[in-house]
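Work the whole structure out from these sequences, hints included.
Here the sequence shown stands for residues 0 to 156, numbered as in numbering that gives the first Met the number 0.
None of these hints come from the bench; they were simulated from the model. Small disclaimer: the values here were computed from a predicted structure and weren't measured. Certain hints may be false.
[Stated by the list, open to error] Calculated pairs, BS3-like style, for lysine-lysine (alpha carbon to alpha carbon, straight line, at most 30 angstroms):
1. K57 / K46
2. K74 / K57
3. K46 / K74
4. K57 / K97
[Claimed, not checked] Have a look at the derived ranges for each label pair, beta carbon to beta carbon:
5. Q67 / M95: 20 to 28 angstroms
6. S12 / N68: 17 to 25 angstroms
7. S2 / N87: 40 to 48 angstroms
The beta carbon of each residue, even a glycine, is placed where N, CA and C say it ideally should be.
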Amino acid sequence: MQSLNVELPVSSSPSIIAHINDSIEQTLVQHIISTPQMELQPAGSGKILCAEDYISEKPEHSAVAIAQNALTTIKNSFIGSNTLNLENAFIGMRPMPKDEMPIVGKVADFEGLYIISMHAAITLAPLICQLAQDEILHGIEQAALGPYRLTRFVSGN
Numbered sequence: 000m001q002s003l004n005v006e007l008p009v010s011s012s013p014s015i016i017a018h019i020n021d022s023i024e025q026t027l028v029q030h031i032i033s034t035p036q037m038e039l040q041p042a043g044s045g046k047i048l049c050a051e052d053y054i055s056e057k058p059e060h061s062a063v064a065i066a067q068n069a070l071t072t073i074k075n076s077f078i079g080s081n082t083l084n085l086e087n088a089f090i091g092m093r094p095m096p097k098d099e100m101p102i103v104g105k106v107a108d109f110e111g112l113y114i115i116s117m118h119a120a121i122t123l124a125p126l127i128c129q130l131a132q133d134e135i136l137h138g139i140e141q142a143a144l145g146p147y148r149l150t151r152f153v154s155g156n
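What follows is the structure, given as structure tokens:
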């Protein structure tokens, strides 16, 4: 967005992302699960994406260590989860809009440019993308997205 001279009020927030697979490819998680203990999203073929908070650079807080702890929590929470394994884990950077609310919509002065940026993507993406699809493909403005426009950051709005 910098190259277009468009200010996007977003910073980055580190997170641990874990890819968990199931050796028998059962579909243990079929929907997004968001609780104080875990954030899970199905990823097809028995795979699960798990997001965890980044704590520090200390070895005991490494991506793999945090992911292993998350896997233990998952296994303790779901019957039939003993075939789950940690495939990989890494530190990812999540976008964090300045006011912590999603930014969704067309970018003024750039026809065809549409932005979606949000911290809670694992839970909000299905709904936000469905609404955005109607705006992008059919030009039908969605009132539900009104409070989340980039223009809210412009002086005088």
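Here is what the structure says about each hint:
Note on K57 and K46: the hinted pairing holds, with a Cα-Cα distance of about 28 angstroms set against a maximum of 30 angstroms. A distance of roughly 25 angstroms separates the Cα atoms of K74 and K57; the hinted pair therefore holds under the 30 angstroms criterion. For the hint pairing K46 with K74, the CA-to-CA distance comes to about 14 angstroms; that is within 30 angstroms, so the pair holds. A distance of roughly 28 angstroms separates the Cα atoms of K57 and K97; the hinted pair therefore holds under the 30 angstroms criterion.
At about 26 angstroms, the CB distance of Q67 to M95 agrees with the hint of 20 to 28 angstroms. Range check, S12 to N68: about 20 angstroms between beta-carbon atoms, so the 17 to 25 angstroms window is met. About 32 angstroms separates the C-beta atoms of S2 and N87, a value inconsistent with the hinted range of 40 to 48 angstroms.
Hint 7 from the list above is the single one not met by this structure.
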